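Each chain, letter by letter, is given below.
Protein chains: 2
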Amino acid sequence: MEPAGSISLLALAGVPLVQRGDDLVDLLAAALRTSGQALRHGDVLVVAQKIVSKSEGRRVRLADVVPSPRAIELASLTGKDARLVELVLSESSEVVRHARDVLIVEHRLGFVMANAGVDQSNIEDGDQWALLLPVDPDESCRRLRACIQERWDVDVAVVINDSHGRAFRNGVVGVSIGAAGLPALLDLRGEPDLFGRQLRITQVGHADEIAAAASLVMGQAGDGVPMVLCRGLRPPSRDGSARELVRRKQMDLFR
Amino acid sequence: MEPAGSISLLALAGVPLVQRGDDLVDLLAAALRTSGQALRHGDVLVVAQKIVSKSEGRRVRLADVVPSPRAIELASLTGKDARLVELVLSESSEVVRHARDVLIVEHRLGFVMANAGVDQSNIEDGDQWALLLPVDPDESCRRLRACIQERWDVDVAVVINDSHGRAFRNGVVGVSIGAAGLPALLDLRGEPDLFGRQLRITQVGHADEIAAAASLVMGQAGDGVPMVLCRGLRPPSRDGSARELVRRKQMDLFR
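Chains E and A are the protein sequences, given in the same order.
Residue numbering for the first sequence follows the numbering used here, starting at 81 and increasing by one per position.
Residue numbering for the second sequence follows the numbering used here, starting at 81 and increasing by one per position.
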């Protein structure tokens with residue numbers, strides 16, 4: 081007999097270092113060739129935030145950043161570079177918490193996260209440059225998905241993942257900051273459980289679980305595997321976006 | 081050429097409904113036979129919290145629970161059954177937040193979670209019974225791991241997963257509440273990034289990412305696939321436990 085179900089996560093070899101203006105679908109084509117893989121209907125392509133940001137030219141030279149008085153104050157409270165803090169503030173709608181070495185904000189996209197995702201790791205000249213999140217990660221996913229559909233005539237969902245810290249738990253995990261072609265949130269309200277009782281847990285962070293699974297194979301330290309195919313998931317019940325994963329401030333007990 | 085790496089997640093068919101006193105290694109043996117699978121060195125076996133709790137007899141009849149005044153008060157504030165609240169309190173070291181329909185506590189194991197994991201879904205007679213978390217999920221993992229080693233002479237890591245809500249994000253995701261045979265937290269401090277710069281993100285919630293990946297195949301609604309094999313991960317660098325994932329209260333900005 082067969083297993084009750086199986087999923088595979090394939091890290092695509094051969095994605096080159098990404099430069100501003102690179103077309104992600106061209107990079108994907110190269111990686112598929114190198115990896116000896118072809119896309120299939122129902123695959124979910126998970127792309128690391130970093131290469132989406134790079135391709136969109138979201139690299140900023142720190143020397144070009146002039147920190148505001150508020151950034152200078154927060155830099156002093158957190159021990160961070162005031163130009164970095166200025167970038168964080170420019171990407172944020174609200175500072176949620178700050179402490180020594182910690183700056184947690186609400187990103188303009190709604191995600192509560194450290195440093196608004198402004199990052200200096202895994203980029204060239206990381207001491208002088210910083211990388212911001214993509215302008216609109218859901219739109220980046222929709223665009224890439226449409227290009228894939230056009231080029232290979234397959235229906236593939238796309239997720240952009242990033243590594244976020246969490247309240248209450250140590251360690252970062254992969255989460256979805258962009259999604260297209262699948263529901264980010266699976267709504268199980270009304271479905272019966274094993275014994276016909278209505279399920280208490282009603283919504284599953286589906287795209288986040290996909291993002292975390294992809295992070296497992298991407299690795300974190302210099303592996304440079306920024307594209308992963310997730311294969312074997314049930315066909316998506318609807319289209320969606322990572323905005324579904326953002327809990328509104330009024331609904332959150334920890335804001 | 082090959083992909084740069086791949087992981088597979090196999091949901092094991094044929095795990096029977098679990099009763100108090102059932103030996104999980106016997107259930108695993110039955111599921112492996114039904115699924116036509118054999119364990120391999122380096123596999124991670126992910127087991128759903130629910131069947132571990134059931135096998136340990138952690139089912140409690142609500143009629144046997146006498147709510148304390150504090151439980152009655154919290155029941156009135158949250159709109160929950162006072163006997164359920166009493167069970168939650170008996171499993172908790174602290175109430176972290178409460179609101180209508182919401183009771184978030186620090187479980188005695190340290191996890192900040194809703195209802196201390198006390199659950200009425202997917203158990204027989206869910207209206208009259210509730211299921212508590214395993215007494216010591218790390219120890220349950222160690223025990224199961226040792227039994228597997230003895231029975232099949234393979235070195236397999238074990239993770240117990242559960243579905244938790246998160247601050248700031250909608251939807252529950254799989255997390256690890258028990259682990260043995262692998263690090264729950266991967267420490268990347270000191271490892272260089274792609275460009276030789278020291279990594280800023282230093283710790284990865286490895287067991288949580290495995291738990292989330294397994295949740296993807298387990299499904300949530302009546303699928304009844306409580307055992308998943310995760311195959312293809314790099315050999316674990318050390319033994320560990322899910323306690324590593326608990327952030328100490330003093331270190332958390334959201335407590």
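By construction, these hints were calculated from the structure, which means they are not laboratory data.
Computed from a predicted model, the values in this text were never measured in an experiment.
Careful: at least some of the hints might be erroneous.
Said to hold, decoys possible - To give a feel for the contact side, a few chain A residues facing chain E, derived at Cβ under 7 Å:
| id | residue |
| --- | --- |
| 1 | L90 |
| 2 | A91 |
| 3 | L157 |
| 4 | T158 |
| 5 | F248 |
| 6 | P316 |
| 7 | S317 |
Beta carbons: idealized from backbone N, C-alpha and C, even for Gly.
Do the hints match the structure? See the list:
no. : hint : in the structure
1   : L90  : 4 Å, holds
2   : A91  : 4 Å, holds
3   : L157 : 13 Å, violated
4   : T158 : 12 Å, violated
5   : F248 : 4 Å, holds
6   : P316 : 13 Å, violated
7   : S317 : 12 Å, violated
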